[in-house]
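All chains should be built: construct the whole structure from the sequences, respecting the hints.
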Amino acid sequence: MERSNHTVTEFILVGFTTDPVMQLVLFVVFLSVYSLTLVANATLMVLICNDSRLHTPMYFFIGNLSFLDLWYSSVYTPKILVTCISEDKSISFAGCVCQFFFSAGLAYSECYLLAAMAYDRYMAISKPLLYSQAMSLKLCAFLVASSYLGGFINSSIITKRTFALNFCSGNVIDDFFCDLLPLVKLACGRKDGYQTILYFLLASNVITPTVLILSSYLFIIATIMKIRSTQGRLKAFSTCSSHLVSVTLYYGSILYIYSRPRSSYSLDRDKIVSTFYTVVFPMLNPMIYSLRNKDVKEALNKLIK
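With this note's numbering as the guide, the letters of the sequence shown map in order to residues 1 to 305.
These aren't lab readings, by the way, just hints derived from the structure by calculation.
One or more of the hints may lead you astray.
As the list claims (entries may be wrong) - Straight-line Cα separation of at most 30 Å, DSS-like style, residue types lysine-lysine; simulated pairs:
1. LYS138 to LYS79
2. LYS127 to LYS138
3. LYS160 to LYS185
4. LYS235 to LYS185
The structure is reproduced here in structure tokens:
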């Protein structure tokens, strides 16, 4: 990638605090969260691969979501851990480009994947008799592959445009990773064209999947309302509850940061929110999809025994 007219060879990540004691506390917290993320997501992937009862379209998507979350968390957390215990807070220009590229690609991919999972729930509830035929392994694999392809194509565009900016306002990033808003804050010059690209990518990677998810759930709600028994409605809704929680937490945090007017930006507040969807959320996902899931619990007991 060609660099713009700047002399920046590295960036400085401010992180969360400069207090040595708090940095040590944060190191322990992030290490614990990351370890739990790795174990939880890897365990869920192993269960889905090994237990034949979990070889269904729904668990195929959940397994891929666990793989994505495991990779997503690994983009951020190791560097956060190093920053907490090291006096060297720098990240090379190339390292910042790579972190930005993979973080954007995986974030966009998860948006598409959650939309594909909403379609899966729509087919399971609205057309249960045709579900097995409609949601074939070929279609599921196509939806997952398309999620990654769309995510990383858009990530390539935004990465190229972001690091072509002229970083003339210094190299200190007031965040714990190479994020979009802090990088744009360091840039100067005309950014009208860049803002247009940014809004387009936000619409195509976040707003569009959100509309698809809402449309799927409107059809799902319409189908559930036709079920006469209360028990039947609750059972149908329970199959969507985990996905609804996952979508609400993930999309809520992303839209909060990237869809607000500039006047309401607060980097300190945004650090907390971005920590949630980059570090904490990948740990929560396997718990959301397994704690209330009888099949996963039985598969885990079988694996332990």
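The hints, checked one at a time:
| no. | hint | result |
| --- | --- | --- |
| 1 | LYS138 to LYS79 | violated, 37 Å |
| 2 | LYS127 to LYS138 | holds, 18 Å |
| 3 | LYS160 to LYS185 | holds, 17 Å |
| 4 | LYS235 to LYS185 | violated, 48 Å |
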